[in-house]
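**Student:** Starting from the structure of chain E, add chain C where the hints point.
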Amino acid sequence: MNTNLLYVPLRQSRPIDMGSELREVIRKDYFQTPSSFEPDLMRISNARNKITLLTNETISQKSEILLKEYYVYLLAVMKKFSDGCVEFGWYGTLTYGPSGPTKSRSLKVELWNIVFQLGSFYSQMALQESRFTDDGLKNACALFQQAAGCFEYICQLVKRETDQSSNSLAIPRDFYGDTVLCLKFLMLAQAQETIWQKALGNTTLKDTVIARLSMSTSDLYGQALEYGNRSDYIKLEWINHIGVKKFHFKAAAYYRMSIVSQDSFEYGEQVALLRVASSSCDSALKYKKYVTQLVVEDLRGLNQTIKDVLRGAEKDNDLVYIKPVPVEKDLKPIAAVSMVKATVPSDLETPVETRKSLFNDLLPYIVIQVAQAFRERQDKYIYERFVEPIQALNNMLVKFITERGLPASIDALQQSENLPDSIIQHSQEILAFGGTDIIEDSITEINKLSMECQQLIDHCNGRLTLDAKEEDMMRQRHGREHWNHQTTEVAARALIERIEKMIQYLDQARDGDSCVLTKYYEIKPYLEIYCGGYKPLSEFIPNSDYSKVDKNMSNIITDLRNAVNQVSVLEEQRKRFLSQVELKAREHNILPSVIEEFKSKQNEMYDENGNVNERSFEVVYDKHIKLFSKEMKFMESTKSTQISLENDIDTLNSRFISDYNTRSSDSQVKRKEALQLLEAVYSKYLEVISNLSEGSKFYNDFLVKGNGVLSECEDYLNQRRLESRELELTISKLLRKEVEEETRATSVGAPITKPGIWSPDQGIKFD
Amino acid sequence: MNDLSQYLYFIEQSHLNQSAGRIEASKKDAIAAIKILNTLAKTLAKEDKCYNIVQQLSRYTLAYYDQIDKDGLSLSTKMEWLGSKSYMPLISFSSSLNSADSKFIAINEMYIDPDSNLEQVPDRLSVGFKNVTIQPFGSTSHDLTDLYQDLLANCSFVSSVLSIVDSQAKTSLKLQDLISPHGPSNKYKIVFNFNGARRVVCVDSRLPFPNVDRSLFLSSFSDHSLYWPAMVEKAFLKVMGEGYAFSGSNMAMDTYLLSGWIPEIIRIRNNMLPPQFETLWKLLQEGEVLLGVGTGKLSNELAKQLNLISHHDYTMVSMNSDGSIVLKNPWIERENINTRFITIDEFTHVKSLYVNWKNNFRMCSKVTFIHRGSSKYFFENPQYSITNKSDEIQDVWLLLERHLSGEDISIRLGVYKSENGDRVLIPNQFEFINASDRDTNNRLYLVKLKIEPRKSYTAVVTSSSGCTFTLSCLSNINTDIVKARFANPNSLPVQEDEWDITNSGGNWSFSSFINNPQYSIEITAESNLQLALFSNSPKTVVNFHLFHSEKGSINIPLRTFDKKKLLLHENYNEGYQIYHFRNLQPGYYKLVLSTFDVGVRDGYQLLANFSEVSSVKISKIWNHLGLFTEKRQIEWSNSNRFKLHFSVDNFKSKMTFHIQHRNGANEYESSSSYRPGIRASIFHARTQAPIQINENWSESLYGVFVDCFLEWPGEFILLVERFEQGPGRCTVEIGSSTKFSLTT
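Protein sequences appear in the order of chains E and C.
Residue numbering for the first sequence follows the UniProt record's numbering, beginning at 1 and increasing consecutively.
Residue numbering for the second sequence follows the UniProt record's numbering, beginning at 1 and increasing consecutively.
Okay, chain E solo, but in the shape it has when bound:
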């Protein structure tokens, strides 16, 4: 390999089974199991292993394929996994020995390392090119520029990272600007040097052009030197090499310009230019320590030439031409011409995916969690927007009818015997719902739930009591002067307050329960009649005398009955509506929409740390819930239907009351009273059912929230225990120190136990 130029050595990585690391991550944090992604995991493991095995000066075109393949895989992994999912370790190789390893839990840093490796690869490939052919030089130049491009790309990526205000990523120090920029300019300088070398072979090129190319090479080395000096990672050999090169090319540039001056008979200028070239050689020679022989010999050759030419030129000018020799600052500066630029390999910025992307179907658990949360939100939406309001509307309607004694008042008049249809319907409804058994089961269930809530509170209190007991014990053991841990009352104040709130809520709920119970026991005997079927109902409702009502009254009753019948039509409509809503909700599972959204827009859904932003799914829910807009319209219409129906019934009932002057017979009054009582019982029954359902919902919600408090209590207890152990350890160290000091003062030495070995016969160590 040509030793006149430098290549950037490959960084070294700690071997890691990336597939196995990711397998564990999938197992823990993803919806599916790792076995579904075995081929992908194997592929990434192999790719990572192969790039770890690359060594300096043995690289080939295949190495580039391997690096780029892993690069593409990494990008795929970054799309699906959080940035900190795997820990990587890399050694820096710019210093004398390997530096590091720098451990980093970041896929981004891993990616930067791969870009670095690519930079190194290009620099090494450039050195493999022939320095004696035009093509070799041309290829080498392009490769150096690509190497520079890689380092430039690292700078961009690092800058992008540091520009983010929320950035919490620990950037490895050798990726900071100075080191990477030094490498970038070194590569650019070497690319320029290659152009310069190619120019030398072209005999038609003017010295001016060569001088300007040389000057640019010097400038680029100069920039590399400047950054290199600032970096802790560029070793002295490299600094000196770059320093030699910087001044070498400056000297060469001035030397070339001196030839131009001589050719144009400007002998004074010639001398001045040669003096600058000569002093540049002197400056270069100051850097020669640790620099390779070839570079130093080149310099010495140049220095000798310049010195010889300068000596002759000064003599000629002093004796023959006697031209004034300008000082360096008065010399016209040599305009540097840079023919190179950092070329970021296009497939780094926009990689071409040749194979099926890795982990295509992998779903982060958050996607499922979002779907689950949306489903719960939808259930709540349906309950609050449809079920609850319909129940309330129905209850209001039944109450409205019952308060007006309907349909009992017209039933008693029209139907002197048998069961009126409304009573049969109520009886069927109560029976279909489970009769008194279901109410009593619900009451038992609610009592059970209430007890579970009480147990939950007891458990919460239990955790705090445990903490208090342990605190007391430690305080006793270590004495108040040493044990300065906060008391439970102070440390758990917020939790204690929350538990007290829970107790208050529970007490209120129990009061509510006993009201419902009273209400139920009031109507229970009548509900039993309802549940008994035809016989007990017809025994409870006495027959009355039949009396034919006059035509006018019959018409009023017909109108009123028509209106009252609309109540059951409306209720039936609502019942059907609710069952359709329930089915619609079940049929339209939101999970597929969430998954689809994730698959189609997953690039936009990850935040800068590679985590899925759950808020980005809101649009799916928004769209999904619009499915129920037709149902929302029904809610409005059914409400307004109810209002107008109630008005109609009110008007008709007033007419009925005012026009019905005939005195009812005793039997008719009795029948009417029985019917009205049963209607009132039905209305109360609905209230009880609704109260029980609310009660059950309350306790279930209480349990969910209460479990959250319990979990906080558990966390609190664990934290307190850890703190206690820490404090106990500090106290025992303090005491041991005191004892040791005392012992040292009194004895020669004491046996020391060796820490770190754990045997079943020893106590558990927590240090």
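Read the hints as simulated data drawn from the structure, not as lab findings.
For glycine and all other residues, C-beta sits at the position ideal for the given N, C-alpha and C.
Beta-carbon label-pair distances, calculated as ranges:
1) N395/E - I634/C: 53 to 59 Å
2) I634/C - Q164/E: 50 to 56 Å
3) H182/C - I424/E: 47 to 53 Å
Looking from chain E toward chain C, a few residues come up when the C-beta cut is under 7 Å (computed):
4) Q414
5) E417
6) Y546
7) L710
**Tutor:** The following block gives chain C in isolation, referenced to the frame of chain E:
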């Protein structure tokens, strides 16, 4: 027996044998029938009017014979023949000749109906059966409209007869067409619609005459010699199975039996005629429907006041301008015709409106099947699907007929708007189209549907007892009735097992959740999978959870409830849980079946069907830690560690330890119970060399599991530690692939 009646006997026997799969016997009967025809053809002159009949029968018989062994009979057709052997289906030999024709009756031959049921008569009534001669036949409309019932409680039948004869001019229905011959005979054949077909009922010419001056059969008060309607009535009573001790039916059912017009019973609710009554009335005038009403229960006093009879059917005669309706009473006591017509203007005591619709549908498909009776699981009920293959809404009527069985059976036809006509697994799986309909003990059940374009529906038949049914689908487009199938074409064997004391672990908030019955499911190709779990008791609250799993742990029971690997999180339901997983990816899954509460004892059935052939395998996971197992309980007694010594005699032992904390006497803990952090490690007892060290504390509700592989025999120590000293006890379950013993 004349030759043609003998022919008919053989041809009917042949049909029966063919339906029963006795092909050779069927052919033999058909050949016997053909021989009779051959003999007749030889003896009859071509000019003889019977010659033409023999020709028609020969054509039919030869065509029939050719298809006997072709297995072209549908199950429904077979059921029609086999279901009611006493009442043969009507055979149409040609457009003008059927098996009820008088030509097949040996008029002069002595015939005594062997059905003794017909001799049943009302209690306390002395009755003698006498032959009557129907001569002249007599069928003037006047005489027929004067038909009435007297002693026999068959108001519904008589009302049906009256509704048919009263509308004869508009409907072209002719009652006399049901009976043959139209003259004196010892045997009469009557054609009725029942048991899924038009069937022929034979009766002899005897009628019952009580020893009082009353009539026990249908008579006309304008023509006392009009006997043939009584023969039709007799056939009806024979079919009903109670003879002259008949207890009643309803008019819509009886009209269907007589006319085949589609019956609908509209319950009159809230004392008002239904809103569609005006339309129905118009259709009655146009001869498109037949109408009648039935009263509810009335006390004698009220019945007298209202001039109505309790539980009685009436035909509707006319409507007055004031909205009142004139009813015709089928019953007349002692020919007192003053009670024949009643006008009513309130409908409080009318309970049913009977409608029989003329069948104007262009297509009819039907299926006959056996219902095994009250099913344990809803999905086991017979289910049939229909699909509207057109782009327009279609009127489709489904008519379910329960075949006569003499039992009081409660039936229901539920129609669901299902996906692709799928089998309905639970009642609230799909939109229930006729949810407001109720069970009925009527024999016929009509559901009128408007089916949406390109949509499918599933009809589910429920029945309180085993019985044969015929379901007919009437429509204007080709709408086949297809047996409803599961959502996916491939089914796994039904897994039937139970939750018992050892595996009823309750819901996932209990530590015992992992003890519940579990199954491993392997999916080899992307597939839809429908799972359905049913508990034997409809009250048991059940659920299932499907988790992603790994190949390596496929036979190992669940060790934790990992929400992240859970494919669905549905609520627990009473009696069932179903879910249809779409596009389930290839891989391994674990299914846990749980009841909500711990310690429930109940059986279950697990159904699974899937879309891709051979893509799903299911196997039960046996919930044992190993081949050899032991269990120990150790009191913590305020310590934070204990050691358990065990020895293994064999090489290469695979061992699993399951360690759980218990606060009290319960064998399980709930998620809110206190749990200390626990860890467990294994050491060699002699060398104290660590074999498996676990440094992390676990507070898992489901306990700590430690797996280890012991290469050599020897004595070992299981060290169990808890984070802090405390009370309670610790249960350690040990499973091993080889024999082991606990030494402490």
